[in-house]
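From just these sequences and the hints, can you work out the full model?
Number of protein chains: 2
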Amino acid sequence: MRIALLGGTGDIGEGLTLRLAHDTDHEIVIGSRDPEKARSKAQEYTTHIEARGSETKITGFENGMAADRADIIILAVPAYHIADTIETLEESLTADDILISPATGMKRDEDGFHYHQPSAGSVTKIAAEAAPDGVAVVGAFHNLAAGRLSDLDAVLGIDTLVVGDDESAKSTVCSLAEDIEGLRALDAGGIANAAEIESLTPLLINVGMNNSGLSDLGVRFD
Amino acid sequence: MRIALLGGTGDIGEGLTLRLAHDTDHEIVIGSRDPEKARSKAQEYTTHIEARGSETKITGFENGMAADRADIIILAVPAYHIADTIETLEESLTADDILISPATGMKRDEDGFHYHQPSAGSVTKIAAEAAPDGVAVVGAFHNLAAGRLSDLDAVLGIDTLVVGDDESAKSTVCSLAEDIEGLRALDAGGIANAAEIESLTPLLINVGMNNSGLSDLGVRFD
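Note that the protein sequences, when read in sequence, are chains A and B.
Using this note's numbering, you'd call the opening residue of the first sequence number 64 and step up by one each time.
Using this note's numbering, you'd call the opening residue of the second sequence number 64 and step up by one each time.
Source of the hints: derived by calculation from the structure; they are not laboratory data.
Fair warning: this is a prediction, and the values are worked out from it, not measured in the lab.
Treat the hints with care, as some may be off.
When chains are identical, the list treats them as one kind, so a pair holds in a single copy or across two.
Said to hold, decoys possible - Straight-line alpha carbon distances no greater than 25 Å define the calculated SDA-like cross-link-like pairs of lysine to any residue that follow:
no. : residue 1 : residue 2
1   : K170      : Y143
2   : K170      : D279
3   : K170      : A183
4   : K120      : A255
Written out as structure tokens, the structure reads:
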């Protein structure tokens, strides 16, 4: 399959790109508002993967063109850009495309990070409301530490929680997630259940901040 | 130490009582609004522990008397009873007593369970607001499955997240939690960080409901 990573030049986009490019045979397309930056990052990621002796094919395009080329589009953009980004993709998306929403809303105060719940209920729900008819939205990859993903020597051994109202799309995303070595996908139900998953991201940061020796944390359900 | 479990006749109270009684030397006092029920459950738990060849001392009293006898009071009561329960304890609590709040607010709809955030911010915060001056409130034991705790043959290997604004009390509760075999206590910061921990409880239930073979789930941060 072809996977587009919009915001693929950012931290979490980089981590997911490197893992998918290294561990799977999927073709990866980096999307950015700036096509030159997308191409440059695609080249950088390709060099990084090839230096490890793996083959890969990573290209870079402006967001809309990246989405146009892909079957699955990962929205690795900040939560407050989710709806806008999806709107710019209207002509690039076709029925059966799948949008993946990994973003969460957070605010920080002196105690730590907190979930900043959107009035829609969750960021994943915002994505679902913005998506054109026929395009499924699946929430996944919310609780992965960017640094740990990007370090291909780091063992994962963690879970990602997947929510969606389209069972077939959700199943496709679970398979994609499990193509990443050491990542287990767990079904957490419908998009109505996304808020509790998005809340886990600030919690992971708080736990990392308050316990020495724990950083770039993931979570395992057992 | 003496540990009181108010609501110790309920599911999570039973699980914590059995683990603490079995794995530690602490004296356990079961509290209930009905002292006869507390005594009867205390006897039942004692018999259960002794049948496994361990010694224990579990007694049962009305909530106020149970709290009066204890240094640490675990509020294993439903979220909507937290404030009322603490108010009834006013004459039983002394400075240096520690209240532990393990409760969370949840609502259920057709998609699953959801965190029902109190206007105070969290159930732990409600407990902190209701507690008399000088009595520290610590949030802990929110995300433990009652059935798994109660089954003393079940290996835990999971974490509990601990929040509190009194560092000394938090440290005492972390030690108490780690006296339970297979339970690791992680510091998640101040009480302002409790909501994300309480949110994890409905998420664990949703994941258990949507994945065959996973039930009585706990979580491990790694």
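Hints violated by the structure (listed by number, smallest first): 4
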